[in-house]
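Could you build the full structure based on these sequences and the hints that come with them?
Chains as they are written, first to last, in the numbering used here: chain A, 1042 to 1368; chain B, 1042 to 1368; chain C, 1042 to 1368; chain D, 1042 to 1368.
Just so you know, the hints here were simulated from the structure itself, not pulled from any lab data. Some clues are possibly wrong.
No distinction is drawn between identical chains; accordingly, a pair holds when it is met within one copy or between any pair of copies.
[What the hints assert, rightly or not] Pairs of lysine to aspartate or glutamate residues, derived as EDC-like cross-links and limited to a Cα-Cα distance of at most 16 Å, are as follows:
hint, residue 1, residue 2
1, 1129, 1221
2, 1171, 1320
3, 1278, 1301
4, 1247, 1361
5, 1108, 1170
6, 1108, 1157
7, 1247, 1085
8, 1129, 1087
9, 1129, 1328
10, 1171, 1318
Listed below are the residues making up each chain.
Protein chains: 4
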Amino acid sequence: MPIPKHVFDPPFNIIRSSHVVLDVTDLKASRAFYETTVGLHVEDADDSAVYLRGSEEHQHHSMVLRKATTAACNRIGFKVGNEGDIDKAASFFSENGIRYTFAEPPFQGRTLQFTDPFGFRIELYATMEKRPHLLRRYDLYRGCHPQRLDHFNIFAAEVQGTMDFYARLGFRLTEYAEEDGPNGRIAAAWLHRKGNVHDLAITNGKGPRLHHVCYWVPTAMNVLHLCDVMASSGYLKNLERGPGRHGISNAFFLYVRDPDGHRLELYTSDYFTVDHDHEPLRWSLTDPRRQTLWGAPAPRSWFEEGSPFPATEMREAAFEAQVIVAD
Amino acid sequence: MPIPKHVFDPPFNIIRSSHVVLDVTDLKASRAFYETTVGLHVEDADDSAVYLRGSEEHQHHSMVLRKATTAACNRIGFKVGNEGDIDKAASFFSENGIRYTFAEPPFQGRTLQFTDPFGFRIELYATMEKRPHLLRRYDLYRGCHPQRLDHFNIFAAEVQGTMDFYARLGFRLTEYAEEDGPNGRIAAAWLHRKGNVHDLAITNGKGPRLHHVCYWVPTAMNVLHLCDVMASSGYLKNLERGPGRHGISNAFFLYVRDPDGHRLELYTSDYFTVDHDHEPLRWSLTDPRRQTLWGAPAPRSWFEEGSPFPATEMREAAFEAQVIVAD
Amino acid sequence: MPIPKHVFDPPFNIIRSSHVVLDVTDLKASRAFYETTVGLHVEDADDSAVYLRGSEEHQHHSMVLRKATTAACNRIGFKVGNEGDIDKAASFFSENGIRYTFAEPPFQGRTLQFTDPFGFRIELYATMEKRPHLLRRYDLYRGCHPQRLDHFNIFAAEVQGTMDFYARLGFRLTEYAEEDGPNGRIAAAWLHRKGNVHDLAITNGKGPRLHHVCYWVPTAMNVLHLCDVMASSGYLKNLERGPGRHGISNAFFLYVRDPDGHRLELYTSDYFTVDHDHEPLRWSLTDPRRQTLWGAPAPRSWFEEGSPFPATEMREAAFEAQVIVAD
Amino acid sequence: MPIPKHVFDPPFNIIRSSHVVLDVTDLKASRAFYETTVGLHVEDADDSAVYLRGSEEHQHHSMVLRKATTAACNRIGFKVGNEGDIDKAASFFSENGIRYTFAEPPFQGRTLQFTDPFGFRIELYATMEKRPHLLRRYDLYRGCHPQRLDHFNIFAAEVQGTMDFYARLGFRLTEYAEEDGPNGRIAAAWLHRKGNVHDLAITNGKGPRLHHVCYWVPTAMNVLHLCDVMASSGYLKNLERGPGRHGISNAFFLYVRDPDGHRLELYTSDYFTVDHDHEPLRWSLTDPRRQTLWGAPAPRSWFEEGSPFPATEMREAAFEAQVIVAD
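Written out as structure tokens, the structure reads:
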């Protein structure tokens, strides 16, 4: 596969992944899950939406739960450097035939919403209401002590094209999985803007869909505690995969499903990638340690299920990547 | 100093340290500290008392907070094997001129209360109301996840005599600190019944007083979290000593003070001592790693302050042991 | 099933599980695994045997690797209170038609070796050469910091009978799994002498075989590190099950296989059981949280494979217990 | 104090703190300390120098130990984006009367060495020989598992001026401590380039000197283990401060001294700071939780001792900042 070059002068400056807006069918049940069990902090709530954030986040929210009749990933959000970057983004989208609108979601400043060429619904903003971070409010810590939204992972029908699009926007490749052989196709890509392993991961599969949103937690002990808490409080079936160590990104991980089936990863211990000469790490699709360093395969649901975006046409994956499933 | 021999046929069978009854001057404040911050489970409460326990304890309570006008350690409790052991204890005390009475404290069966020859107020019982343990109720875990009452540490004016008395009752010495030289006096002794490092530690000092009661927690991470929580919730001044590693018992420790100044230790990682041929470990008073393996000395308050027993005559320590103080 | 009563006056006093003697086919490979990867301390070694122990153990060895042509569990060892207990054991075995011999294995005192009525090869001893414990020799810590041999788990063709035999010797039941219904048969039993969840677990299966020997480690972090180390050093295939949380015993566990396939558990966070009125906890065979609180089933090998004892006739399990297998 | 604005178009692009060159008087002793006890990986060594790195670092070295007759901090190194940035730096220094030279230290590409206006000896480079990172070589992990060089902390006689100089080079302020009152002077500043709390901290004191170099470790457990290892292996006196939690940066920390007295921090759990609108956090000099969230003061040595740069004139601090010392 062709590896995209690092782009150091992107058309506009995306700083990092910022927030996710999830459509949920039972707002009370979803809030209980994310607030009491996972341990996110509820910053605001009304009858139609709940706004949550992690302990290190200054921004008003990194997760919005929206009451809806159908569960979906409503959109994912990235923060740009400043207001000028929003205008530059608008120009870029206009020049490239990508439709966008402006909006002012609650607690956010001017927000540009667009659907990328692959159907992913995304919004960009530069300012959001601020709140003091809660790092030193240890008395408020709950659940697994989620600290920040770390990244999104999306199911894309065409990984190569999707990766190339985001690489052009300045996302830099850190790790990738591809088929062996001279014409091996890429099956998954990890790209970042903020200097760690990823802000955005792209996984081969029926898409566009959200595979998962991930929060970073301080240590593996917090992840283990979440397993125990979920098993003790009626969420046993929601423990989907892990805990374990990814070969990719070296992260200690756990995947859980929320009451609507939206997938949440809890994750710790990756590494910095800020160097201009940081080289992407290749994984063969046939290396079992890629998915799980300790060898345990993922369940089939992990490869097949995800959250659709609303009113978006779905396509099957361009090819069927070889995976090792626990059946 | 003469080392007491292990006694394998004591006059009655004490199984382990069981519970502490603390007189507190502000029941609401004390409950908030132990329940919300430390994380003990409140099993029962009324206007005059609160009953708490750790997550692995089947017994109704291991700590009783009693509303009182003066803060004190009301008494400490040990569990005996069965009802017959209470009768054997009564006989032994009668033969040895130790006064005792029978009582039936709430939730406990027949209870023998006595004051030992050194002024310590103690009660023995064989049965207490049972509750299912809470180990797998991870959804209820709070604070530092205290799991069980582990031991008592008492200030005794005469360590040698106090140790000899309890050795005669079957307590086995595991570690001790003494002065160097052929006539070195013992300054502290750690004795057990249940097979770990101690149920009862005896420290040289003005006595009789309770130095501290200790709860065992799963890992050092739980101890660190308690430091963070206390610093975040108005208890900064109540962090007295640690976290650190004791040379003695190898335990990772933290000492905190409750709203009345009663000292609580949180502790993990000691070892088993069930062997008949387990030999006590000697520490020189001049070895700084005894108190803290990492070298940091304890503050003066730790050597001087403790909880008196009510209506008990106090005596100064028989000698002044050399300690290393952080001044 | 009939639950055995706690026996407080056994015919002789077994203190605890002590050591395992494993026949291994490649002494060098086995030593490398247990010393470098797992982190046991090699106390002595020659061309035919290696003697290892955990960091808190005063005794010369808790594991003996013996060079042999066929892999087997040569025998398991329990420590008794004193020399008199060995004589009492001999008398008891004579009266009950159990054959025994005396031996003096290296570094041990007088040792009584017997084969129990179910074919398990066991030795009892009261004294072994002592070594200073290594708890405070943190500079020697390796691998997952194994601290002590905690227990044995054996495959027995007849769980009820085997449990009854050891209960008569003073082992006390702490937890057990049985079939539902009025005539539900027992499928597994956990019994202790030293005051924690178990010294000996008995599992339904073709027997007599050793299912596993378990070492206690300080925290779950040590277990996770062993996973990482094994995955990094050629032992990926030897990671058999876990890490996870047992419902039974509340322990955080990992099962690995040594170069001969002998199964080793690393384990932490169980609880104390010294009370005379400690009541056994029943698990239904159909409760998935019994095996793994977090729901992940064990692989088939875990239910089927074990280490035979040398020259011992094997029998199939008396019945086929229902298990949940990851297939 | 005047707060420097974030500079988004610096004269050249420093990416991050990279490496430290320490002059040591006993190369063998220093290597033993950093390799065996701390756990850095030795990548190369000869009779005059040892090159070390952390497990996530791709670069050949982040620490160079240089055999010397006098202990000193020889220089600290920053990585720039590319070769062009080195030329831009040269131009900037020429225009601003800062003397520099070019050098090619072993394993590094073209390197610009300069002494800043306050006497700090610094080098800039864009390329260094690469090595595969060691994150997944868990079999090589030792000591406290240091993962990357995180930052430098320097003693500056004039904090405000030094901070302003580096702010002009693009370093962004994240936290700072200042005197109370309208004319309160700044006593310490934390500045970053790579998106976490700091690449460079500036502390009021006799300078120019290195206060410490810091490596990031995965969890607090690794820090505690280093305390235990140092106490067990003859480095008890080298444990200077901690473990504890900084209010500033929220980091769990430990300060140790190497055989020459160079100070090393081990540190974990800070937060991301990539936002353009990230606002610096102010600490009052009189807030004790700034230094240590848990209240324990630092020893006097921590405020007074540091590593001089060779052949550099030293000046006393411009003012005496109020500190809380453990005396």
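Structure-based check of all given hints:
no., hint, verdict
1, 1129 / 1221, "neither (39 Å within a copy, 42 Å between copies)"
2, 1171 / 1320, "between (35 Å within a copy, 10 Å between copies)"
3, 1278 / 1301, "within (12 Å within a copy, 36 Å between copies)"
4, 1247 / 1361, "within (10 Å within a copy, 43 Å between copies)"
5, 1108 / 1170, "neither (22 Å within a copy, 47 Å between copies)"
6, 1108 / 1157, "neither (25 Å within a copy, 57 Å between copies)"
7, 1247 / 1085, "neither (34 Å within a copy, 48 Å between copies)"
8, 1129 / 1087, "neither (34 Å within a copy, 53 Å between copies)"
9, 1129 / 1328, "neither (41 Å within a copy, 44 Å between copies)"
10, 1171 / 1318, "between (34 Å within a copy, 10 Å between copies)"
Hints 1, 5, 6, 7, 8, 9 from the earlier list are contradicted by this structure; the remaining hints agree with it.
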